[in-house]
Amino acid sequence: MAESKIEKFAQNIIPPQGQNQTEAWEKFLASEFPTTRDEYWKYTRVGKIANGNYKNVDRVEDHINITDDIVCKDYLVVVNGVIREDLSQYTKTKFKVEFESAETAELNDGLDVFGWLNNATINRKISIKLGKGERTDGPLQLIFVGYGKNILQSSLVDVEVGDNAEGELVFSYLGRNSEEVFTNFYSRMHVGKNASLSVNKFQLEEGSTSHVSNDNIVQENSSRFTINTNTLYGQLVRNNLNIRVTSENCETNLNGIVMGHGNNHVDNHTFVSHDKSHCVSNENYKYVMDDKSTGVFNGRVIVQKDAQQINAFQSNGNILLSDTASINAKPELEIYADDVKCSHGSTTGQLDENAIFYLQTRGISKRNAEKMLVAAFIAEVIEEYENEDVRSYLFRQFEQRFGWVL
Amino acid sequence: MGYTEEELAEELKDKKYEFGFTTDIETEKIPNGLNEDVIRLISAKKNEPEWLLEYRLNAFRIWSEMEEPEWAHVKYDKPDFQAISYFAAPKKQYESWEDVDPEMKATMDKLGISLDEQKKLTGVAVDFVMDSVSVATSFKEKLSELGIIFCSFSEAVQDHPELVRKHLGTVVPTQDNFYAALNSAVFSDGSFCYIPKGVKCPMELSTYFRINESGTGQFERTLLVADEGSYVSYLEGCTAPMRDENQLHAAVVELIALDDAEIKYSTVQNWFPGDENGKGGVFNFVTKRGMCHTNSKISWTQVETGSAVTWKYPSCVLKGDNSIGEFYSVAVTNNYQQADTGTKMIHLGKNTKSTVISKGISAGKSQNSYRGLIQINPKADNARNFTQCDSLLMTDECGAHTFPYIECKNNSAKLEHEATTSKIGEDQIFYCQQRGLSEEKAISLIVNGYCKEVLNKLPMEFAVEAQKLLAISLENSVG
Numbered sequence: 001m002a003e004s005k006i007e008k009f010a011q012n013i014i015p016p017q018g019q020n021q022t023e024a025w026e027k028f029l030a031s032e033f034p035t036t037r038d039e040y041w042k043y044t045r046v047g048k049i050a051n052g053n054y055k056n057v058d059r060v061e062d063h064i065n066i067t068d069d070i071v072c073k074d075y076l077v078v079v080n081g082v083i084r085e086d087l088s089q090y091t092k093t094k095f096k097v098e099f100e101s102a103e104t105a106e107l108n109d110g111l112d113v114f115g116w117l118n119n120a121t122i123n124r125k126i127s128i129k130l131g132k133g134e135r136t137d138g139p140l141q142l143i144f145v146g147y148g149k150n151i152l153q154s155s156l157v158d159v160e161v162g163d164n165a166e167g168e169l170v171f172s173y174l175g176r177n178s179e180e181v182f183t184n185f186y187s188r189m190h191v192g193k194n195a196s197l198s199v200n201k202f203q204l205e206e207g208s209t210s211h212v213s214n215d216n217i218v219q220e221n222s223s224r225f226t227i228n229t230n231t232l233y234g235q236l237v238r239n240n241l242n243i244r245v246t247s248e249n250c251e252t253n254l255n256g257i258v259m260g261h262g263n264n265h266v267d268n269h270t271f272v273s274h275d276k277s278h279c280v281s282n283e284n285y286k287y288v289m290d291d292k293s294t295g296v297f298n299g300r301v302i303v304q305k306d307a308q309q310i311n312a313f314q315s316n317g318n319i320l321l322s323d324t325a326s327i328n329a330k331p332e333l334e335i336y337a338d339d340v341k342c343s344h345g346s347t348t349g350q351l352d353e354n355a356i357f358y359l360q361t362r363g364i365s366k367r368n369a370e371k372m373l374v375a376a377f378i379a380e381v382i383e384e385y386e387n388e389d390v391r392s393y394l395f396r397q398f399e400q401r402f403g404w405v406l
Numbered sequence: 001m002g003y004t005e006e007e008l009a010e011e012l013k014d015k016k017y018e019f020g021f022t023t024d025i026e027t028e029k030i031p032n033g034l035n036e037d038v039i040r041l042i043s044a045k046k047n048e049p050e051w052l053l054e055y056r057l058n059a060f061r062i063w064s065e066m067e068e069p070e071w072a073h074v075k076y077d078k079p080d081f082q083a084i085s086y087f088a089a090p091k092k093q094y095e096s097w098e099d100v101d102p103e104m105k106a107t108m109d110k111l112g113i114s115l116d117e118q119k120k121l122t123g124v125a126v127d128f129v130m131d132s133v134s135v136a137t138s139f140k141e142k143l144s145e146l147g148i149i150f151c152s153f154s155e156a157v158q159d160h161p162e163l164v165r166k167h168l169g170t171v172v173p174t175q176d177n178f179y180a181a182l183n184s185a186v187f188s189d190g191s192f193c194y195i196p197k198g199v200k201c202p203m204e205l206s207t208y209f210r211i212n213e214s215g216t217g218q219f220e221r222t223l224l225v226a227d228e229g230s231y232v233s234y235l236e237g238c239t240a241p242m243r244d245e246n247q248l249h250a251a252v253v254e255l256i257a258l259d260d261a262e263i264k265y266s267t268v269q270n271w272f273p274g275d276e277n278g279k280g281g282v283f284n285f286v287t288k289r290g291m292c293h294t295n296s297k298i299s300w301t302q303v304e305t306g307s308a309v310t311w312k313y314p315s316c317v318l319k320g321d322n323s324i325g326e327f328y329s330v331a332v333t334n335n336y337q338q339a340d341t342g343t344k345m346i347h348l349g350k351n352t353k354s355t356v357i358s359k360g361i362s363a364g365k366s367q368n369s370y371r372g373l374i375q376i377n378p379k380a381d382n383a384r385n386f387t388q389c390d391s392l393l394m395t396d397e398c399g400a401h402t403f404p405y406i407e408c409k410n411n412s413a414k415l416e417h418e419a420t421t422s423k424i425g426e427d428q429i430f431y432c433q434q435r436g437l438s439e440e441k442a443i444s445l446i447v448n449g450y451c452k453e454v455l456n457k458l459p460m461e462f463a464v465e466a467q468k469l470l471a472i473s474l475e476n477s478v479g
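Residue numbers (our numbering), protein chains in the order written: chain F, 1 to 406; chain H, 1 to 479.
Excised from the complex, chain F in its bound form (with noise of 0.2 angstroms):
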């Protein structure tokens, strides 16, 4: 019988000694890859990381260069799924981080194939903890380098909020002399009884690189929570954001923003189940997509039964520049209480002829004119964030690297 996908992925891959990740590496190998007859997978085909060839790696020494890319006075960093605490600085923090071994750590049960991969694979598991009622100053940031050749990096990070706790996160992933790397992220946030977590994601991986994202997310009893992700690059990028509001009163933000080019293909699939009464959500995703790139969204929000009060907003507004760029947008409502205000929109479209025409009428090119343009729908989401450190940062990186000036 011809070897199943699976076992050809899996041949690289050094298979893992603890029992914990040993049962996941055995449910990893039962599994199967996703295919778009899937309706969770509908519209990305994951064949380019079922097809590839990946090595997973425990020792990285060399020394990389992740100057530029430091936004935050902590920060630890992560290269190919190894903790280099010799390349990280966190001893300000109030954020309690801790690294415990894969062996005997703590790991998940139902998963999908790319979770059992994950855990099944990682060298230690990133614990980040916040006390009671502390506060940070300042966020801790978290930057994960994929680095050289057909590597698998996986990733698993556990952050526990207290109650009355504020904190602030950045995640980075980033790519240095990468190629055919896939990254494997893997995230659990619990967010304690009034307590407030934000976290911002730039997904940053230059190269040919995969990159496969799950966060899970619990808020307790009037807590709030922030997530802006942020997708530069990436030629495949998947990141499936799963939210829990457990209890009343709480408010959840998750925005996005992406830009499209090249060949990449950029899917958020983001799911806010709101479990009781008195909640707050709104959703704002922006897809700027150029060349022959792909943009896939997918929101889908459940106000269970007995979840009354509810405001759930979601918009999503997307942008063709190109006309090979594609977009798929599926916003879903599912509502099993009355007393609720719940609304989506999504528009699609490409920039507008009039604006352009009324800005060369000024005396601006018609290209500088339309980068005028996506940059003013980017910024709307981009002026929503609270940290004006992460906010510079997103800047700088647009004019660097698209050369707009936000």
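Mixed in with the good hints there might be a few duds.
Incomplete in silico selection of chain F near chain H, CB under 7 angstroms [to be verified]:
no., residue
1, Ser-208
2, Asn-311
3, Phe-313
4, Gly-317
5, Leu-320
6, Asp-323
7, Glu-334
8, Tyr-336
9, Lys-341
10, Gly-349
Under 8 angstroms between C-beta atoms, here's a sample of chain F residues computed to sit facing chain H [what the hints assert, rightly or not]:
no., residue
11, Lys-193
12, Ala-325
13, Asn-328
14, Pro-331
15, Cys-342
16, Thr-347
Since the hints were derived computationally from the structure, they do not count as laboratory data. Ideal placement from N, C-alpha and C gives every residue a C-beta, glycine not left out.
Please build the complex by placing chain H on the supplied structure of chain F, with the hints as guidance.
Just chain H, lined up with the frame of chain F:
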């Protein structure tokens, strides 16, 4: 209209499912079950040509290998396809209207569609389907003067085989989906309509479908061809008698609008929805699709109040340049009803436009979903779509869901989608009460206003019926 709300309220008092009766007419039935022999039998009974039998058998083979779809947001006990009789026809055939069984005439009276009356007063030609065979067709002579063919599907197969053969299955191919394949294999009868070049059909054409024989699924097949430059408005309305067991209805409707033609297709669907405890009711799994050629227009309008489970997506394939597709829908679910309905707009040609307005109302313990696809293909330059789907929740036990799919592969397209879900605001009701309306009336006023955009698109006769239906469906449902 001379018909006031008080009158409506009076009429609706204690009104239950009004059309729940059965007519005792001898019907010819073949044994339950489905296999090639049954299909041969159906075909032979209807004296069909060889090619149609082949078409059916091919569909049966395709169907046998398909699986029943499960993606829709509905839950139900799957029908046992071997426990259904696939053919039931009233035994007596009628030569003329005068010969029609008086009992059947009475049925039609009860439905409010007395042919006699309609012949004289309304100018509507009715093709009445009792179970599977068309009983009487009126106004045929008048239509045939204009060259319009409006007859039952079986007659069309006998009299106009070339037209049927040319167009059958061109819009909904046999392998399209599970129920379309089933229908292609066993369809019993339906309507056929052909509007010749440049003819504007002077009256609204209408068909009433009715499930009558217990345990008989209805597999209607409708084919409507509007030749170049023609116009037709077609009405379809459904009522069904009370039954305890679930009845399967898997129809296929194909519309073809050739260059510069326009088709307006309106439906009021009121199949038996099951009782207050969710027992019984019709399964309505329908495939409706229209093909638009250059400069043509197809407009679907539907008011869906019936059926235990609905699974229906009237769609438009905008193949020709400058073609237009429209979809206006009001879907009401009450008690334990489940509806998964919406549309597909496939933009293939340049400068194509589509409008989707969907209004869902959920009451009782029902689940109401909108599922729609807007697909812009790479060559569909300057395509334009506007979609609005709103949901209104009447109780805290019902659900309203939206699953829109938007696929855009052309950068000159402009697509808008917006959806809202909410209940009737207390302040709105309070405002109406301040102006002297009772709570019940205030709600009916608000619901009517909410559906107005869609109801306005219905032909006059239907709009009245639709409003009544809305009122019946939402009786006592306000929490």
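Verification of the supplied hints:
| no. | hint | in the structure |
| --- | --- | --- |
| 1 | Ser-208 | violated, 23 angstroms |
| 2 | Asn-311 | violated, 10 angstroms |
| 3 | Phe-313 | violated, 10 angstroms |
| 4 | Gly-317 | violated, 10 angstroms |
| 5 | Leu-320 | holds, 4 angstroms |
| 6 | Asp-323 | holds, 5 angstroms |
| 7 | Glu-334 | holds, 4 angstroms |
| 8 | Tyr-336 | holds, 4 angstroms |
| 9 | Lys-341 | holds, 5 angstroms |
| 10 | Gly-349 | holds, 5 angstroms |
| 11 | Lys-193 | violated, 27 angstroms |
| 12 | Ala-325 | holds, 6 angstroms |
| 13 | Asn-328 | holds, 5 angstroms |
| 14 | Pro-331 | holds, 6 angstroms |
| 15 | Cys-342 | holds, 4 angstroms |
| 16 | Thr-347 | holds, 5 angstroms |
In this structure, the earlier hints numbered 1, 2, 3, 4 and 11 are contradicted, and the remaining ones agree with it.
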